[in-house]
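Protein chains in written order, with the working numbering: chain A, 117 to 536; chain B, 117 to 536.
Hint data in this document are derived by calculation from the structure and do not stem from the laboratory. Keep in mind that a hint or two might mislead.
DMTMM-like, lysine to aspartate or glutamate: derived pairs with alpha carbons at most 20 Å apart [said to hold, decoys possible]:
{"hint": "1", "chain 1": "A", "residue 1": "134", "chain 2": "B", "residue 2": "530"}
{"hint": "2", "chain 1": "B", "residue 1": "134", "chain 2": "A", "residue 2": "527"}
{"hint": "3", "chain 1": "B", "residue 1": "333", "chain 2": "B", "residue 2": "346"}
{"hint": "4", "chain 1": "B", "residue 1": "509", "chain 2": "A", "residue 2": "508"}
{"hint": "5", "chain 1": "B", "residue 1": "134", "chain 2": "A", "residue 2": "523"}
{"hint": "6", "chain 1": "B", "residue 1": "509", "chain 2": "A", "residue 2": "430"}
{"hint": "7", "chain 1": "A", "residue 1": "134", "chain 2": "B", "residue 2": "523"}
{"hint": "8", "chain 1": "B", "residue 1": "322", "chain 2": "A", "residue 2": "430"}
{"hint": "9", "chain 1": "A", "residue 1": "509", "chain 2": "B", "residue 2": "508"}
Treat the numbers as computed from the prediction; the structure is a model and nothing was measured.
There are 2 protein chains.
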Amino acid sequence: MIRFYNCKILTDSFEITKNKELWVSGNRIGYIGDKKEGIFEREIDCMGNVIIPGFKNAHTHSAMTFLRSYADDLPLDRWLNEMIFPMEARLSADDALCFSKLAIAEYVSGGITSVFDMYLYPEAMAKACLQTGFRASLCGAVNNFVSSPEELERDFIKYNGIMDTLSFQLGFHAEYTTDIKILEKIAALSHKYNAPVSTHCAETEKEVAECKNRHGKSPVELFNDIGLMDNGGSFFHCVHLSERDIELLREKNITVVTNPASNCKLASGTAPLTRLDREGIRLAIGTDGPASNNALSMFREMYLATALQKLQTENASALVPEKVLEMACRNGAYAMNTDNDCLKEGKLADIAVIDLHKPNMQPVNNIVKNIVYSGGNENIMLTMVNGKILYEKGRFFIGEDIEELYEECRERAERIKNTD
Amino acid sequence: MIRFYNCKILTDSFEITKNKELWVSGNRIGYIGDKKEGIFEREIDCMGNVIIPGFKNAHTHSAMTFLRSYADDLPLDRWLNEMIFPMEARLSADDALCFSKLAIAEYVSGGITSVFDMYLYPEAMAKACLQTGFRASLCGAVNNFVSSPEELERDFIKYNGIMDTLSFQLGFHAEYTTDIKILEKIAALSHKYNAPVSTHCAETEKEVAECKNRHGKSPVELFNDIGLMDNGGSFFHCVHLSERDIELLREKNITVVTNPASNCKLASGTAPLTRLDREGIRLAIGTDGPASNNALSMFREMYLATALQKLQTENASALVPEKVLEMACRNGAYAMNTDNDCLKEGKLADIAVIDLHKPNMQPVNNIVKNIVYSGGNENIMLTMVNGKILYEKGRFFIGEDIEELYEECRERAERIKNTD
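One chain only, chain A, in its complex shape (with noise of 0.2 Å):
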């Protein structure tokens, strides 16, 4: 058993309390309250710090670490076709896993327990969280190029249920590049398994506009048609929604998960996040992949998420800090389906403690706003995932020497550039 102490909480309704104690037993937690006896492996003096539950990384493509800094400054359909795809089309298993555990250290240093990673290997991602002790809901990436239903079926049947700290969700890419012969069989397999399906949809105007041409309807209004929603599913980016949109996504309880660093740097636009908050939308955030954002950090994507919506309302009070946390810290659990989206004994031990004691957090008038407003991967004093430490101080505790990790992510990154 670790016991936290001197420790303030965020609580389900998303306040903070008091000074109390949180103690883990095993992967869960065990107990929150105020000082009573008990014997335990690890004590921390949480020096009147935050734990709060670990953010929640909705949507990311975590391989893609080797291309942060590597194309940027282009549009999303130029930087896809001319940077990306060509990039990865030479990406091994064993590259991707590497670059995976990057993403999950750096994961970790900012306070994210658990991530829907979408990507071309879940294999790899399924791999790192195995080696690293690192959460994930794997999202199934099929299109016209990668993968297929069938293998979906066979991915969904594989990753669920082998280990507490993995599952795998049905998905594909966006309708742009999957045909609605496959969409149609990943509809099967949805109403087969009553499963939810996800996906990337309305991240751009074009995206939309092809899809009226090719369809004669929205990608929403495509995959409701096709029987795609009928199980809830979580659609990431969300940027263009007509009004039969929105009622779509409201009537088949989608929750929509918004990436607004990447939309912002890809001139995407931004999604109407305040707009779908009253209609009863449930929201959550992700960082997309380090090639689109470029940082991998939840502290961003909570401001820019509030930042934009005053800025398209011009509305100064739009989507208030207590809404985005929520978003952040537990929304996300939903869409991933884990049981780690809030502090209550019994929940999964998916924790980070913030550090009050830097210059951005004081003095302290309000918590929850200097999370959101303030806050930064520096104020990530330490991340639980499933009851065990991977990052303290600084350290990390993924089963790999930082460094080394570093040395081997260069190496084939390099690699990859370099091959004609």
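Following the hints, complete the assembly by docking chain B onto the known chain A.
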């Protein structure tokens, strides 16, 4: 003499060298080049990390740290009149000194080596700089309620030339808080001393509309007609500009200081940086004060500056990272008229060491892009101002115990908030 070795250097043309040495002699850079013989009081192995000229925060209100996370989610006019002004009325000069030191701690932990600071109490920030070793250019903040042209002139004489980490520039708060008669007297001072004048300008649509109602012209046109722009200066924000305004800013060689986080968060808008840059207008970056931002991080500002331009112009190649880094590291020095604009022998030793040994900087495909697109305060390994190390690996050397400073700030903030 202090020797930095195994360090890459950001050159004047915003390229990164291979590993070099950088020696600091007194408060100046003494040598940059390959390894050679020398005798040193300290030798610092930079482990391949990058030395950059420290960030120049070209617009801030340092002492406002006490209002961080206190007044949020309000538009500028309500934020100022209902929340900020009443609290500032209770602030003493001693309070301002303490809160300014807290800001300085945040600056140095984020690689910021000088600030252009506008506040009610220039003496407080002057003392804070003297006591901590930090560098600031103080900016007059005259308006109808605070200070006067006479006091401005006294301050201008008092704070210039007394110490090498301090200077003072003529300035006033804004058009909407300052009568024409006062502005005319400040213009006369500018002509008397051939000195630039700086101010908040065109931050909100409302400000510009009300100015037009009052005077039949925009703030920029008004300032120009009064003669306030004849010796240059820095205009802060510049979100809402007409064609004529842009022409005048260019003609009069005004530096535009953008504050993207604050403009987003207060729903003021996005400054047309791409357009201003095309006109050849010099651009610098500021955090604005911690009550509106709420962090004092130039990494956040750099990311927002470019990301918001991509969004505004719908062009993912807008405001490239090299330009952004120039705005952050160099152009602010021109605005403040300090000799710390680049890393060259003879320049002031105001430097920051960027730690590449963090996951968000790996693999190193492009260091400039890494800094602008992925960087955060966690990447600051060391900050030196005027030849003295003020921050290194989480520790502060600013003449104050950091925990005692936090505690004093907390006590003062509580007193101010709880006074009737």
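- Message: Hint by hint, where does the structure go against what was stated? Just the numbers, ascending.
- Response: 6
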